[in-house]
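Enquirer: As a plain string of letters, each chain reads:
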Amino acid sequence: MVNTQDGPDRTCRATVFALVGNPNSGKSTLFNKLTGLRQKIGNYPGVTVEKKEGICYSQHGKPLKIIDLPGTYSLRPNSPDEAIVADVLTGKRADTPRPDAILCIIDASNLERNLYLASQIIELGLPVIAVLNMADSAKAQGNTIDKAKLAEALGVPIVETCAHKGTGILELRLMMSRPVMLPAKSVFTQTEQGDSVLDNVYSTVSETLAKGSKHNFFGKPLEVAQEKLEQRIEARRETLIEARYKIIQKLCEAVVLKAGTASKKTLTDRLDGFFLHPVLGGLSLLCVLGLLFYSIFALAETPMNWVEGLINHLGTLTASLLPAGQLADLIVNGVIAGVGSVLVFLPQIAMLLLFIGLLESTGYMARAAFLLDRVMNRVGLPGKAFIPLLSSYACAIPGIMATRTIECPKDRLATILVAPFASCSARLPVFLVMIATISAGAEAPASTKAGLLLLMYILGTVGALGFAWFFKKTLLRGGVSSSVMELPPYRIPSLMPILNEVIHRSKLFLRRAGTIILGISILMWFFLNYPRQEEGTPPTMQLEHSIAGHIGKSIEPIMEPLGYDWKTSIAILASFVAREVFVSTVAIIYNVEGEEDEPETHTLAEALKDQKHPDGSFAFSPLRCLSLMVFYVFAMQCLSTLAIVRRETNSWRWPFFQFTYMTALAYIAALIVYQGGHFLGFV
Amino acid sequence: MQTLLSLSDLKPGQSAKIERFLDEAMGVLRLQEMGLLPGTLVEVLRKAPWGGPIQIKVRGSLLSLRRSEAALLSVLPA
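Chains as they are written, first to last, in the numbering used here: chain A, 1 to 683; chain B, 1001 to 1078.
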């Protein structure tokens, strides 16, 4: 796709700046300070990397476009995120115009490593403004940086900022308003030029080999040449890295004034002494995770009730405004109830995203990953995979969104594939109703009920970890780049970028609810209500003769070995939209009279308990309930999750695969439970 | 002359100078790009229990490494 703005008349379009820097260098804070809310977030086509753009106004009110590129340590890409940085900066992406200039953030408190990337950036030959960020923390470490000297050495203008305090932003904007200059000749004469010659020969050789050619290369088979070239390139890269760091080291010695207090323990060192302590660290992690769970379940409850109340109110209002009939029924019971059942989760999602944002920007997330690395390593995942998995116990959607922090694509995919095994809050109503049905009448002790519930959570956890291990051993083998992870200094979080992120992700979720979920809700309503029976037909009869009823009956032979009749099958089918739909569908099917829209768990359980098949067996015997619960533990019954997986993996292949393997597993597991129980003499 | 050790053998609080990489495995380049180069001084800050990762300080920044990866670095204790 050709960007029309990228025409020959370059004066017409806004100047495009690319924002580049190390992770944790304060890049997103600076981006937010520059652009405010004028941001557009999308995806780079074909990859799962997020594309962030914003508009910032120059001194004269001219719009300047800023592309916020993913944080990276080097232009030699290690992950899809990092590949985007190199591709955009060299103009290799057709969907993004090559930037006119680069804003290169340099974290002053970590000068050497930040200059490594900066030196590569400067060599690209584009105009560069170096943004020396967090000079205040460098000063706190006892290091003063001679800005003028550094600017001279790098050959680019430098602006000093403290992005989180907002200082230096004005100067930066002034600098951006001027016509940007090409960098003067910098100290970095060692370029990757030699590399490109080698790379060209290498790619020619590889292409020739790929064509199946058996040419010789100076009398040797091509494979040998390819291998030799690989070694040469690798060796050259190492030499270049060393050479670059040597120059940087010399430069730093010249521009950094050390106050001689470097050996003093910093705040980060002291905090790490506590948070990474073998005992105290573990305990504090437990507290943080406990708080996370508490906030998702308890704190989100009130806003969830508001949303629920609002939806109910909207339903009642619509019903009173519209003439009674099928249209009103479609809108109230199809659209509002269907979309509403998904919208209810918005507060939980926003709460979790806020929490994760805070953990990330304070620097604690990396510590949690450090502490949990050993556990996650057992199943082949990085420590960072823990938070997405844990989040999935509330809702898989934010959990899957949170996998973005995992750099290695294969690790990330494995985490996404197993995250929905974690028992999310939508399963809870199903479990509660089934457990109540099992124990209805026969005063079961509370410990049995709790034990059953716990068992379901354990089953889900075992499924998630077991399959993560399995996928990492088979399908998603290897791909381990490097375990190295930066533990950034602890910082006071800046709220703006976090809130922006929460708002953006919530919007995405809402858009899903407004499109896919809406469509499915309408379809489901149609299936449950058509073909229409005569006026006055009891709802149960209506259902039996509906499309859903026919489908339920036709799949009964498949579901029968699991212990489900056609009515239960309808409920299971319906809950492929969202699990909690099971409860309301069962309530409709068995015509349970509830005081309100949602029947009480207790009354529903009592009613289900007494349901009998024509042959006299109970439709919800304890064994059948257990089989049903096990089915719900493993089955992928959540459209929103599938939609998010589609978005995050950028293909329909993975959500399809996930749906298939999880549902197959659910079927097999429920089959084993029911048939095994049957064999042991239970009914 | 002191004997060479691997980075994973160092005790918390110990510092050492990187001598060389024992294996040119994948990911070694990333370590080098993050500043772990021959001649660089590293300090082991702590090791997570039960064979967990190692926290090190290099060029003023804190990094965490799995022990298997730290074993690829041959170091001279300071």
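Because the hints were derived from the structure by calculation, they are not lab data. This one's a predicted model, so the numbers in the text were calculated from it and none came from an experiment. Don't take every hint at face value.
Listed next, the stretches of chain A that the computed footprint assigns to chain B, with coverage defined by at least 3 CB atoms under 8 Å from CB atoms of chain B [what the hints assert, rightly or not]:
| hint | region |
| --- | --- |
| 1 | 71-81 |
| 2 | 361-371 |
Cross-link-like lysine to aspartate or glutamate pairs, in silico, EDC-like; alpha carbons within 16 Å at most [to be verified]:
| hint | chain 1 | residue 1 | chain 2 | residue 2 |
| --- | --- | --- | --- | --- |
| 3 | A | Lys609 | A | Glu648 |
| 4 | A | Lys51 | A | Glu486 |
| 5 | B | Lys1017 | A | Glu242 |
| 6 | B | Lys1057 | A | Glu648 |
| 7 | A | Lys553 | A | Asp565 |
| 8 | B | Lys1047 | B | Asp1023 |
| 9 | B | Lys1057 | A | Asp269 |
| 10 | A | Lys51 | A | Asp95 |
| 11 | A | Lys258 | A | Asp136 |
| 12 | B | Lys1047 | A | Asp269 |
| 13 | B | Lys1057 | A | Glu50 |
| 14 | A | Lys265 | B | Asp1023 |
| 15 | A | Lys165 | A | Asp146 |
| 16 | A | Lys250 | A | Asp136 |
| 17 | A | Lys250 | A | Asp146 |
| 18 | A | Lys51 | A | Asp565 |
| 19 | A | Lys40 | A | Glu50 |
| 20 | A | Lys147 | A | Asp95 |
Covered by chain A, per the in silico footprint, the following chain B stretches (three or more residues, Cβ under 8 Å) [to be verified]:
| hint | region |
| --- | --- |
| 21 | 1012-1018 |
| 22 | 1030-1038 |
| 23 | 1044-1058 |
Positions of the beta carbon are idealized from the N, C-alpha and C atoms, including for glycine.
Enquirer: None of the hints should be skipped; say for each whether it holds.
Expert: How the hints compare with the structure:
1. Interface restraint, the region 71-81 of chain A with chain B: holds (4 residues with C-beta to C-beta distance below 8 Å; minimum three).
2. Figure legend: the region 361-371 of chain A, annotated as covered by chain B; annotation consistent (4 residues with Cβ-Cβ distances under 8 Å, at least 3 required).
3. Our distance criterion of 16 Å between C-alpha atoms is broken by A:Lys609 and A:Glu648, whose separation comes to about 42 Å.
4. Distance hint between A:Lys51 and A:Glu486 is unfulfilled; the C-alpha atoms sit about 23 Å from each other, more than 16 Å.
5. A distance of roughly 15 Å separates the Cα atoms of B:Lys1017 and A:Glu242; the hinted pair therefore holds under the 16 Å criterion.
6. Under the criterion of a C-alpha separation no larger than 16 Å, the hint pairing B:Lys1057 with A:Glu648 is inconsistent with the structure, at around 34 Å.
7. With a CA separation close to 8 Å, the supplied pair A:Lys553 and A:Asp565 stays within the 16 Å bound.
8. A hinted pair counts as satisfied when its Cα atoms are at most 16 Å apart, and B:Lys1047 with B:Asp1023 does not qualify at roughly 22 Å.
9. The hinted pair formed by B:Lys1057 and A:Asp269 meets the criterion: a straight-line CA distance of about 10 Å does not exceed 16 Å.
10. Proposed proximity of A:Lys51 and A:Asp95 is supported: the alpha carbons are some 11 Å apart, at most 16 Å.
11. For a cut-off of 16 Å, the pair hint linking A:Lys258 to A:Asp136 stands: about 14 Å separates their Cα positions.
12. About 14 Å separates the Cα atoms of B:Lys1047 and A:Asp269, which keeps this hinted pair within 16 Å; it holds.
13. Straight-line distance between C-alpha atoms of B:Lys1057 and A:Glu50 comes to about 31 Å, which puts the hinted pair past the 16 Å bound.
14. About 34 Å separates the Cα atoms of A:Lys265 and B:Asp1023, which puts this hinted pair outside 16 Å; it is violated.
15. In summary, the hint linking A:Lys165 to A:Asp146 is not supported, as the alpha carbons are separated by about 21 Å, beyond the 16 Å threshold.
16. The suggested pairing of A:Lys250 with A:Asp136 is violated, with an alpha-carbon distance near 23 Å, which exceeds 16 Å.
17. With a C-alpha separation of about 14 Å, the suggested pair A:Lys250 and A:Asp146 falls inside the 16 Å cut-off, and the hint holds.
18. Using a Cα cut-off of 16 Å, the hinted pair A:Lys51 and A:Asp565 is violated, with the two alpha carbons roughly 49 Å apart.
19. Among the hinted pairs, A:Lys40 with A:Glu50 is consistent with the structure: their alpha-carbon atoms are about 10 Å apart, no more than 16 Å.
20. Between A:Lys147 and A:Asp95 the CA atoms are separated by roughly 36 Å; this puts the pair beyond 16 Å, and the hint is violated.
21. Proximity of the region 1012-1018 of chain B to chain A, defined as three or more residues with a beta carbon under 8 Å from a beta carbon of that chain, is not established by the 0 residues found.
22. Look at the region 1030-1038 of chain B against chain A: 8 of its residues bring a Cβ nearer than 8 Å to a Cβ of that chain, three or more, so the hint holds.
23. Check result for the region 1044-1058 of chain B against chain A: holds, 9 residues qualifying (beta carbon to beta carbon below 8 Å, three or more required).
When held up to the earlier numbered hints, the structure conflicts with 3, 4, 6, 8, 13, 14, 15, 16, 18, 20 and 21 and fits the remainder.
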